[in-house]
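**Student:** Spelled out, the chains give:
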Amino acid sequence: MKDYQIGYIKLALPKGRFLSPTASLLVEIDLGFEGYSNGAKQYRLRSARFPSLFAKILQEKDIPIQVAVGNYDLGICGLDWIEEFVVKYPAGALVKISGLNYGEGGIYAVASAQGKIASLEELSARRNDCRIVSEYPNLAEAFALNLRMRRFRLFPVWGAAEAYPPENADLAVLWGKSGAQLAAQGLIPLKRLLPVTAFLIANRESLENKNLSQILACFSSKLTADLPTSMENELNSFKKQKITRTLWLAKEINLALPDGHQQAPTAQFLKRAGLTLQGYSEEASSRRPSADLDWLGIKVIRPQDMPLQVANGNFDLAITGEDWLLEHLNRFPSSPVKKLFALGFGTVKVVAAVSQEMPVNNIDELRTLVQSSTDYIGAPLKVASEYINIADKYLRDNRVSPYKLIPTWGASEAFLPEDADMLIDNTQTGKTLKEHKLKIIDVLFQSSACIIVNKDSLASSDKKEKMKFLTQKLRAGLS
Amino acid sequence: MKNQKCKGMRDLLPEDMLRFRRIEDVFRACCRNWGYQEVRTPTLEYLHLFTATGTLTPGMLSKVYSFLDWDGWSGERVVLRPDGTIPVARLYIDSLSGQTLARLFYVTNIFAFEGTGKENRERWQCGAEFFGGAKPAADVEVILLAEEVIRKLCLSNVGLQLSHAGLVKALLKEFKLSPAEEAKMMSRILEGDWQALTKAKSPNPETDRLVAALLGLKGKSSSFLHNIKASFPKASRDFKSSLEDFISIATLLDNQGCRYKIDIAAMHGFEYYTGICFQFLAAGEKIGGGGRYDNLVPLMNGGNIPACGFALYVDPIMKLLPLEKEKKGKSGILVKGQELTPEIVKTCFAVAESLRDAGYPAEIEFAGRDESNYMWVILVSGKGSAPFVLKECKRKRARYTGASVAEILKVVNKG
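Going down the list, the protein sequences come from chains E and D. In terms of our numbering, the first sequence has 193 at position 193, counting the first letter as 1, and numbering is strictly consecutive. Basically our numbering = 1-based index in the second sequence + 479.
Any given hint could turn out to be false.
Unchecked claim - Heads up, incomplete: computed chain E residues facing chain D, CB under 10 Å, no partners named: (1) 35; (2) 39; (3) 42; (4) 90; (5) 141; (6) 142; (7) 144; (8) 148; (9) 151; (10) 326; (11) 328; (12) 332; (13) 336.
Claimed, not checked - Sample of chain E residues with no beta-carbon within 12 Å of chain D, all distances over it, derived: (14) 47; (15) 88; (16) 121; (17) 150; (18) 153; (19) 155; (20) 156; (21) 307; (22) 335; (23) 365; (24) 459; (25) 466; (26) 469; (27) 476.
I should point out that these hints are in silico values taken from the structure, not numbers from a laboratory. These figures come from a predicted structure and were not determined experimentally. The C-beta atom is built at its ideal place from N, Cα and C for all residues, glycine as well.
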């Protein structure tokens, strides 16, 4: 047991979209935390008013899970992530206390205006395979099952779900500001699954056994009783929109380019390679940039999602990180994806790190510690990572046992030391790790951006020539 | 560190396995006598096998163990078999569809998530499926086969309840619900929520009267169904034809002296049933069930093959089954070496082999051990002219001393 956890009430606060409104709300109800603002440097916060109240800033997606497992007594996050959890684990230990009256938009099931599906009826009558892409795989699955879809395949993605239909998915389940806003993006909203509002949630056992009343009382003026909370109550079907629909035309070769941090260096690299793109710059960025090669289709998606999307043939080649390729190959050892060549930019180290207070300096010492003194860490070893398959293999290969993996969506350092004992994550300089009083005990490998290809595309007689042309052109961009 | 069993999983201990094997043995023997052939399907199947037929309710599908296989980058998911019938139907279509009639049986485990902690997530069942069997004789056959297994297991106070999926579906049509609402209502009924039907407002008072009669009354013979037929002359054509089918099966069962209760609500779990549905209850628990599912094979693109079948649930039956007196080793022989020398070890193995060849279970032991679980103990000293002593454990006396294994067998044979 860690001393600082005893007798404390722990609150999980969201990063990202709900950070500002949540911070304002907390100030308004006199429950403010110093340092809970955009660009917050520290994840751990203490309440000025209640000495026993301790808060942590987490990725919103992690909050329902962390509250359900009892690492936090209370949490604030969007209804979408709560339902994503609850729909899969209905008997879970999560209690929705109340909506908090802020939030925006909703979760929609959408098809592309250029695709073949325009209504729910068409979807449930469909006999052939339906590809669904979503950041909310559990909500998407429940949607498909309730619609009694005969055959569907689900592609969980890290983001950019809107970019997939119609070529790479028939359907996406995603967040949208409104049906109209989605329609403006060329999508047809088929159904609104739920509204996205912020919610106050609690761990059931904490609520039943622990005195949280002082904290709950602060929220009393803000609690609203009857917001529609489940998908059942919220079945606003959209009327078939009368859009002149032009069906999309398949391109011969499809390339996926990364968004986020990798976008700028990738754009420079492509420029060096002499590939002129429209819509892939910081000034004008589109999910579908165009090139001066009419046979080349280009999409901008998350680098994490690329290996799988190349493996399943949606793309012939992509620019992603070696880390994500390895993560994919650890999960699917016989995948047809391979690295063509490394690009040398976006270099990070994937490391294993623990708290500076842990008396170990390398993985061998950690293995011994886990085996000999389970009291110290309270076995099993909890490992937070956004690379769960890499972490799993690393721990197996190093015979660390027992261990438990906690999947994260980046920023694993926030979990240590209270909610995890070790992290396996990427770092550029190690500075952030040091700031959070962590030390690196092992470097698993170094990773940089690379070009990945589908082996079958390289060998295919239809694509061979153009693939060769393109990869030669890209190779020329290596500086 | 303590090794812990997975949540929701169950170990079967030696006593459990005695019960398990007894159920299995009786079931296998009965099935073979009725001309059924044993099959076994794999533990992993594609998820789409179960979604494509639209035959498991969304509630059941949300509890399957599904995941991506090591080569699952295409997004095609596999499941741990959540149901026994659908895989056997797939097997029939894949490999046996040349036979117009196929009587198949299986003993299998099925997997379904169960969150309350009251039931196992892995359950065993003994099932039989009759492909190509025409009604009503095939329906009666599977019911009588299931009954025979239950009778031979000497389970007492087992009740048989009959319902009819065609009848229920025809009844539901009368409510004139939208297809989506109708599917939802069917799911609720299959999950046991018949209140939903009584609460729904039908456009026709005649339907309400029919629902009230069917849910309120429980018949004990085909006469009840004749009474229903006579009291509701305005019922729909679908309803009447299902009722006729139900009557013909009930009449055949009456002729066989089969006792049952007609309870329209005795339909639970599977959406694939199209005709007669039945379930067996003992001590308030469901121990088996089955019915006719004529649409399943056509929905799986296997041609227009009618089928029916049943499954008995091993786990609740095990709880009801008295353990037979044949405790482990009771009739067995313990061959006990006095010392652990190479000669004595060799002799012990040789003696035990002769005993086993003669049909007696024989265990070998060198250390001290409680002998009370055995009928006989042979002490092997390997010394002098009398290397063996045969002891009868119950009376605690020596029955033979000497060097002849043949003599030992003679004594043991006499008892």
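**Student:** A separate judgement is required for each hint: does it hold in the structure or not?
**Tutor:** Now the hints, each set against the structure:
{"no.": "1", "hint": "35", "result": "violated (39 Å)"}
{"no.": "2", "hint": "39", "result": "violated (38 Å)"}
{"no.": "3", "hint": "42", "result": "violated (35 Å)"}
{"no.": "4", "hint": "90", "result": "holds (7 Å)"}
{"no.": "5", "hint": "141", "result": "holds (8 Å)"}
{"no.": "6", "hint": "142", "result": "holds (7 Å)"}
{"no.": "7", "hint": "144", "result": "holds (8 Å)"}
{"no.": "8", "hint": "148", "result": "holds (5 Å)"}
{"no.": "9", "hint": "151", "result": "holds (4 Å)"}
{"no.": "10", "hint": "326", "result": "violated (15 Å)"}
{"no.": "11", "hint": "328", "result": "holds (8 Å)"}
{"no.": "12", "hint": "332", "result": "holds (5 Å)"}
{"no.": "13", "hint": "336", "result": "holds (8 Å)"}
{"no.": "14", "hint": "47", "result": "holds (35 Å)"}
{"no.": "15", "hint": "88", "result": "violated (8 Å)"}
{"no.": "16", "hint": "121", "result": "violated (9 Å)"}
{"no.": "17", "hint": "150", "result": "violated (5 Å)"}
{"no.": "18", "hint": "153", "result": "violated (3 Å)"}
{"no.": "19", "hint": "155", "result": "violated (5 Å)"}
{"no.": "20", "hint": "156", "result": "violated (9 Å)"}
{"no.": "21", "hint": "307", "result": "violated (8 Å)"}
{"no.": "22", "hint": "335", "result": "violated (5 Å)"}
{"no.": "23", "hint": "365", "result": "holds (19 Å)"}
{"no.": "24", "hint": "459", "result": "holds (17 Å)"}
{"no.": "25", "hint": "466", "result": "holds (23 Å)"}
{"no.": "26", "hint": "469", "result": "holds (26 Å)"}
{"no.": "27", "hint": "476", "result": "holds (30 Å)"}
Against the hints set out earlier in the document, violations occur for numbers 1, 2, 3, 10, 15, 16, 17, 18, 19, 20, 21, 22.
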